[in-house]
Each structure stands twice: as C-alpha cells, then as structure tokens.
Amino acid sequence: MSEFLLEFETIRILSAVIMLGIASFYDIWKREIHDVLWIGFGAFSVVLLFIDPNFSESVMAILISLIIAPFAIFLWRTGMFGGADAFALIVLASLAPMVTLTDNPVTPLTTLSNAALLFVFPL
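Numbering follows UniProt numbering, in which position 109 of the sequence shown is assigned residue number 109; successive positions increment by one, without gaps.
If you are wondering where the hints come from, they were derived from the structure by calculation, not from laboratory data.
Mixed in with the good hints, there may be bad ones.
[Unchecked claim] Taking CB as the label site, the calculated pair distances span:
| # | residue 1 | residue 2 | range |
| --- | --- | --- | --- |
| 1 | W29 | F55 | 35 to 41 angstroms |
| 2 | G79 | T10 | 33 to 39 angstroms |
| 3 | L20 | F74 | 20 to 26 angstroms |
| 4 | I11 | I39 | 31 to 37 angstroms |
| 5 | I22 | T78 | 22 to 28 angstroms |
| 6 | L14 | F121 | 31 to 37 angstroms |
| 7 | M80 | P53 | 22 to 28 angstroms |
| 8 | A43 | I64 | 34 to 40 angstroms |
The beta carbon of each residue, even a glycine, is placed where N, CA and C say it ideally should be.
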C-alpha cells in the first residue's frame, strides 16, 4: 500500500511539473496563458482527490492549502499579481497540497505564497 501512495504522490508531482512547464512555455511564447490549462489541471486534481486512498487526509490537506486562494484572487484583482500567477497558485495548491520530498511540514507552496505576500506587503 505504501508503494501505491508513493506512486500517487509521484503522479501529483509530475502533473504539477507538467502544468508549470506548459504554462511557462505559453507565457514565454505568447505572454498569455489560456484558462483551459488551469481548468484542465484543476479537474485533474479533483479526479486525483477521489481516487486517493487517503481521501479524508487529502481533503483536509487541500482545504488547508486552499487558504491562499482568496489572497491570490485579491492580489490578482488589485493588479499586484497576474491572473496566471493567481490561478497557478490555486491549482498548484489543489494539485499537490502537501507534497514534499522530505519530512519537513513546511511545503514549498507555503514558502512561495509567504514570499509573494511579503513581496507585496513588506514588513
């Protein structure tokens, strides 16, 4: 069972890397990322949620990591973030909420969102 969970987390990581790679390509090429990318990977994260063997733990992890969603939308609507940046954070939070390669409880997404908030609202 633990091998399946490891493979499941690997699927989450690979899909997040693929999503960010496609988004980076379109951002460099056209300077615009279509919303279909975020909708597609958001739907894929919902599918992953329902086939996850630890459903209740995954739901709690996603709910906790989606706390950044209102902040990302606020920063986008006020013009401090681009729309793709906000949607990337939201989809990444649902796609790979607590995925780390170590046992450290601080996730890379938490570090990224805190850095973005500190950039916008310096101490």
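Against the structure, the hints:
1. With their beta carbons about 38 angstroms apart, W29 and F55 fall inside the hinted range of 35 to 41 angstroms.
2. Checked against the given bound of 33 to 39 angstroms, the beta carbons of G79 and T10, roughly 37 angstroms apart, stay inside it.
3. The hinted window of 20 to 26 angstroms between L20 and F74 holds, with their beta carbons roughly 22 angstroms apart.
4. Here the CB-CB span from I11 to I39 is close to 19 angstroms, at odds with the stated 31 to 37 angstroms.
5. About 27 angstroms separates the C-beta atoms of I22 and T78, a value consistent with the hinted range of 22 to 28 angstroms.
6. One distance hint, 31 to 37 angstroms for the beta-carbon pair L14 and F121, holds here, with the actual separation near 33 angstroms.
7. Judged by the Cβ atoms, the range 22 to 28 angstroms given for M80 and P53 is violated: they are separated by roughly 39 angstroms.
8. Under the hint 34 to 40 angstroms, the C-beta atoms of A43 and I64, about 21 angstroms apart, miss the expected range.
In terms of the numbered hints stated before, the structure departs from hints 4, 7, 8, listed from lowest to highest.
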